[in-house]
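S.K.: Sequence:
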Amino acid sequence: MYYVDGEPIADTKSPDGPIETRWDRRRFGAKLVNPANRRKLTVIVVGTGLAGGSAAATLGEAGYRVKSYCYQDSPRRAHSIAAQGGINAAKNYRNDGDSIHRLFYDTVKGGDFRSRESNVYRLAQVSVEIIDQCVAQGVPFAREYGGLLDNRSFGGAQVSRTFYARGQTGQQLLLGAYQALERQVAAGTVETYTRHEMLELIVVDGRARGIVVRDLVTGEIRTDFADAVVLATGGYGNVFFLSTNAKGCNVTASWRAHRKGALFANPCYTQIHPTCIPQSGEHQSKLTLMSESLRNDGRVWVPLEAGDPRAPGDIPEAERDYYLERIYPSFGNLVPRDIASRATKNVCDEGRGVGPGGLGVYLDFADAIGRLGRDAVEAKYGNLFEMYERITGEDPYEVPMRIYPAVHYTMGGLWVDYDLQATIPGLFVIGEANFSDHGANRLGASALMQGLADGYFVLPNTINDYLAAGPFPQVDAGHPDAVEARTAVEDRLTRLLAVDGDRTVDSFHRELGRIMWDYCGMERTEEGLRKAIDLIRALRDEYWQRVRVPGSAATLNQALEKAGRVADFFELAELMCVDALHRTESCGGHFRAESQTEDGEARRDDEHFTYVAAWEWAGASAPPVLHKEDLTFEYVQPSQRSYK
177 MYYVDGEPIA DTKSPDGPIE TRWDRRRFGA KLVNPANRRK LTVIVVGTGL
227 AGGSAAATLG EAGYRVKSYC YQDSPRRAHS IAAQGGINAA KNYRNDGDSI
277 HRLFYDTVKG GDFRSRESNV YRLAQVSVEI IDQCVAQGVP FAREYGGLLD
327 NRSFGGAQVS RTFYARGQTG QQLLLGAYQA LERQVAAGTV ETYTRHEMLE
377 LIVVDGRARG IVVRDLVTGE IRTDFADAVV LATGGYGNVF FLSTNAKGCN
427 VTASWRAHRK GALFANPCYT QIHPTCIPQS GEHQSKLTLM SESLRNDGRV
477 WVPLEAGDPR APGDIPEAER DYYLERIYPS FGNLVPRDIA SRATKNVCDE
527 GRGVGPGGLG VYLDFADAIG RLGRDAVEAK YGNLFEMYER ITGEDPYEVP
577 MRIYPAVHYT MGGLWVDYDL QATIPGLFVI GEANFSDHGA NRLGASALMQ
627 GLADGYFVLP NTINDYLAAG PFPQVDAGHP DAVEARTAVE DRLTRLLAVD
677 GDRTVDSFHR ELGRIMWDYC GMERTEEGLR KAIDLIRALR DEYWQRVRVP
727 GSAATLNQAL EKAGRVADFF ELAELMCVDA LHRTESCGGH FRAESQTEDG
777 EARRDDEHFT YVAAWEWAGA SAPPVLHKED LTFEYVQPSQ RSYK
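All residue numbers for the sequence shown refer to the numbering used here, where the first residue is 177 and numbers rise by one.
Everything labelled a hint here was simulated from the structure, so no lab data went into it.
Any given hint could be a false lead.
The calculated DSBU-like cross-link candidates involving lysine-lysine, where the alpha carbons are at most 35 Å apart (straight line), are [said to hold, decoys possible]:
| # | residue 1 | residue 2 |
| --- | --- | --- |
| 1 | Lys707 | Lys423 |
| 2 | Lys804 | Lys707 |
| 3 | Lys207 | Lys243 |
| 4 | Lys462 | Lys820 |
| 5 | Lys436 | Lys820 |
| 6 | Lys804 | Lys820 |
| 7 | Lys423 | Lys462 |
| 8 | Lys189 | Lys436 |
| 9 | Lys267 | Lys216 |
| 10 | Lys804 | Lys207 |
| 11 | Lys189 | Lys216 |
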């Protein structure tokens with residue numbers, strides 16, 4: 177038995193009535209905290225990416241006492257800095273038919289009708305405010321000749337709504353949030369703790385009241401307390417070992433909260449990005465993203481004939497298959513990521529892939545250079561072209577780029593209600609760490625939008641409703657629940673060091689990643705998922721018998737850091753496979769081979785699976801408990817997704 181059914185769950189905070197006014201009515205109905213009382217309340221924010229950095233800055237500016245934690249050596253090193261292509265907003269600057277409702281529609285459809293309408297509509301509304309906020313901060317968005325903000329198109333949309341700063345949008349937005357954060361540090365409302373990793377959540381009387389952290393330089397374990405805890409710790413794509421995520425990205429903070437009672441929603445929804453540099457060999461430890469914005473002007477193709485050995489320049493137009501343009505004429509190369517990734521897998525499976533192992537397709541800019549000129553292409557994408565050349569040694573101005581899908585983003589995460597509060601009162605989860613806005617697939621340029629929406633605009637309004645009941649009773653390091661949490665962390669570290677086996681942490685992580693990619697990657701089957709669960713369980717048992725972690729816990733020890741993270745990845749991986757196994761439909765990034773249309777597209781089962789799967793931890797030796805949150809659609813009626 178892989179799981180047991182539990183009681184249904186509902187989002188009780190989402191208002192009913194007209195969707196256009198739900199967010200305004202929720203803000204008005206929420207309790208407020210007057211400025212004098214805010215100074216008596218403390219909030220811990222874990223993570224300093226776009227969601228965490230903007231939340232800490234905004235809460236600090238509102239007058240709360242904020243403690244900001246990150247494991248990097250600076251908040252600026254958060255992985256949000258790696259986002260390239262842009263951020264969506266329904267400004268309709270191009271006058272091409274965009275609107276808040278169209279962004280809402282595109283996002284619900286792009287998520288394959290597995291997201292909440294209320295959350296997505298709020299995201300579309302707030303998107304308009306995000307751009308104004310960031311421009312006021314001085315974020316250097318690209319501008320047209322006349323000085324107006326420029327837009328470009330992105331996958332899953334037929335309008336141009338994506339604001340960008342060349343290929344470094346995430347970096348520029350993060351610097352804006354970082355400046356806002358440092359301003360509050362200087363004002364004394366925010367304290368920052370870098371190179372500290374959260375290893376446990378402290379729950380007192382059913383409420384989240386603090387965290388246990390390890391100083392990654394000295395090894396010191398300590399506890400910290402607050403009236404509320406905010407997790408902004410990103411996604412869990414590194415469970416696959418090879419992904420576009422920074423090597424430090426992990427699930428530990430979210431997983432520790434999950435083990436303390438926070439439900440984990442839709443863990444099987446993993447986004448495979450279609451535009452990544454193909455793996456060059458078994459030695460590789462991560463993959464590199466090439467921005468989806470390149471699909472605006474680059475054309476994706478493979479040779480018509482399998483095994484064609486010719487160089488791309490020697491293959492005439494008539495012998496090329498521009499397969500995205502052929503299969504999806506309405507959207508062409510700008511179909512959503514899940515659609516493009518599967519189409520690429522299919523042509524490579526047919527033997528028409530290019531490069532080593534046939535695991536690649538061409539992304540060709542010859543037409544764009546001929547139409548616009550090299551200078552114009554360089555102005556839009558120059559830093560991306562330079563990055564590609566440095567990694568591959570090939571000049572994409574002269575030779576088409578080679579790309580292949582890779583794990584990128586995770587739509588699953590801790591379950592939250594409309595207020596972004598988890599099932600543990602006082603625990604709020606924002607950005608990629610929660611599950612709330614993207615359904616089964618994330619449209620490009622929506623991650624930055626959600627992170628900043630949650631941090632600047634949503635959480636600062638909804639957390640007031642919870643904190644209005646505070647300050648809560650004082651908790652210190654001597655409280656039994658705090659002692660228990662700290663002791664659990666120390667015992668776990670001691671256990672990892674005591675194994676003293678003969679295999680490295682990375683060797684286990686790489687093997688786990690291969691299992692996940694093979695059986696829970698771009699295509700899943702019942703047989704494969706059952707096999708994966710057995711393999712994961714066996715490998716996890718071996719991990720706790722053979723892993724070798726040199727050094728001690730009382731000093732800088734990166735092997736120990738990785739060991740704890742990989743131990744959590746093992747438990748998450750099994751839940752991902754159980755979630756994928758129970759969902760016998762295909763939707764978005766979750767593609768079950770048994771559930772597809774005649775032409776190979778995802779076939780949803782709305783009758784049986786129109787719900788959020790929210791999983792409860794029942795113990796290390798007990799199957800997880802499935803709680804279902806039914807999804808209802810009043811404004812966008814579910815239909816077969818078509819981008820043709």
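S.K.: Which of the listed hints are not met by the structure?
M.R.: The structure breaks hints 5, 9; every other hint is satisfied.
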